[in-house]
Amino acid sequence: MTEIADSPNIPMFQSESSWILGVTGPPGAGKSTLIGQMVRHWVAAGENVAVLALDPTSPISGGSFLADRIRMEGDDLGDNVFVRSIASGKSPGGISPRIWPMCRALSDCGWTRIVVETVGTGQSEFRIAALADRLLLVDGPDRGDIIQAEKAGILELADVIAVNKSDLPGAASSAQSIKTSLGLVDDDNREVLLVSALEGTGIEDLITTIESCEPQVERNQMMMRERLISEWESLLVSHPEIDEILAKLCTDSITVSEAIQILSSSTGQSG
Amino acid sequence: MRIVIAKPGLDGHDRGAKVIARALRDGGHDVIYTGLRKTPLDIVRIVNDEDAEVLGLSTLSGAHDSLIPKICDGLRDSNLGNVVVFAGGIIPERDIALLYNSGVRAVFGPGTLTSDVLRFLEEALLRKQNEHPIGVGDDLGWHWN
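Heads up: the protein sequence lines correspond to chains Z and S, in order. Just so we're aligned, residue 1 is where the first sequence starts under my numbering, counting upward by one. Just so we're aligned, residue 1 is where the second sequence starts under my numbering, counting upward by one.
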């Protein structure tokens, strides 16, 4: 954490050779399995692929059960693949503040494709979307969940949309309804791709589309904003007086805005 | 703690491993489950990539006496001697000493209470903090049961 705070000049990911793909979508859409297929293609093309797979932390016990990697592994992937399971933790938005520095370290260590898989639900989707250079949205057949998510903006943010499980009935009509929804905006010509992670169909097209999409310029500012927020959060929660201040808040002896004043003034000094 | 629960070898039943994984999660740990049929090399690799502090091995196939020592050797060879290893499943009593001699620190058979496994982990953490031997690469001698 200190390390991040001490290095204000971390460049953005702008190199052609290394970038972050965020993969989001409702639980059960097949994100992990699809990533497993994409990893295979990328490795065959000579890329080094790192996957950060997020799973939720239990709000009750604080523990987690991380099993995404089961769906990603093959026997022949070798040293060009790195999979790290991450518990989403208790930080707001469900994103561990470690994600950004991890991506940065992976990029520095020569991993050319860095995939961040989201938990699959809630506000965290939005925040990882902002951390990624490109965003892939995965939905299943006949779920209609993406249309639901449209309210929250995920559909607008995605660079590429894939409907998985094209081997099941309903996938084509699901893709069509998303396409129709996109068509309501004049200059939106994003493709909705049909893939089957199970059978391995459509994966090559998907990768070509992702590789060739132009990262949205507006995302730079969003990414910077997310970085700022997550580093600010880590500063706040690691503040030496945080426990005392929380205790005071619980007994109503200070207000929330007073607490923020105390935390931010001394955070500023130490930083 | 970050704990990898692994199924080495060819046996295809993981109800026990999943019960343990769930109990450890409910005990506040981050549990990474490998899925079925992993080779010793796979498991060492996963422990390394996941930066795990503890490895739990579940076997029901009878191959524990061959697979588990290989995994322990692999961990030591990969500079992962600080990882705490425990085992469970169908392991005859006469084989337990062999596992202890490989660096395994606890063996949990059928009938084990999940709270026992959690207590073992607490003790393991304590030993780590006090720098008493507990990792697979540390001096042998101490084991839980």
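Do not rely on the hints blindly, as some may be mistaken.
Covered stretches of chain S, going by a simulated chain Z footprint (3 or more residues, C-beta under 8 Å) [claimed, not checked]:
hint, segment
1, 16 to 24
2, 28 to 34
3, 112 to 122
Residues on chain Z that point at chain S, a partial pick, calculated with CB under 10 Å [stated by the list, open to error]:
hint, residue
4, SER64
5, ARG71
6, ARG84
7, ALA105
8, ASP108
9, CYS109
10, LEU246
Calculated from the structure, these hints are not laboratory results. Glycine is no exception: its CB is placed at the ideal position from the N, C-alpha and C atoms.
Now for the hints, and whether the structure bears them out:
With a threshold of 8 Å between beta carbons, the proposed coverage of the segment 16 to 24 of chain S by chain Z holds, since 3 of its residues qualify and at least three are required. Counting residues of the segment 28 to 34 of chain S whose beta carbon lies closer than 8 Å to any beta carbon of chain Z gives 7, which reaches the threshold of three, so the coverage claim holds. Counting residues of the segment 112 to 122 of chain S whose CB falls under 8 Å from any CB of chain Z gives 0; the rule of at least 3 is not met. About 5 Å separates the beta-carbon of SER64/Z from the nearest beta-carbon of chain S, less than 10 Å, and the hint is met.
About 8 Å separates the beta-carbon of ARG71/Z from the nearest beta-carbon of chain S, less than 10 Å, and the hint is met. A cut of 10 Å between beta carbons decides the hint on ARG84/Z: the least distance to chain S is about 6 Å, and the hint holds. Checking ALA105/Z against chain S: minimum C-beta separation of about 13 Å lies over 10 Å; hint violated. Checking ASP108/Z against chain S by beta carbon gives a least distance of about 17 Å; that is not within 10 Å, so the hint is violated.
Proximity of CYS109/Z to chain S is violated relative to the hint, the smallest CB-CB distance being about 13 Å (cut-off 10 Å). The beta carbon of LEU246/Z is not positioned within 10 Å of any beta carbon in chain S (closest approach about 20 Å), and the interface hint is therefore violated.
When each numbered hint is compared with the structure, violations occur for hints 3, 7, 8, 9 and 10.
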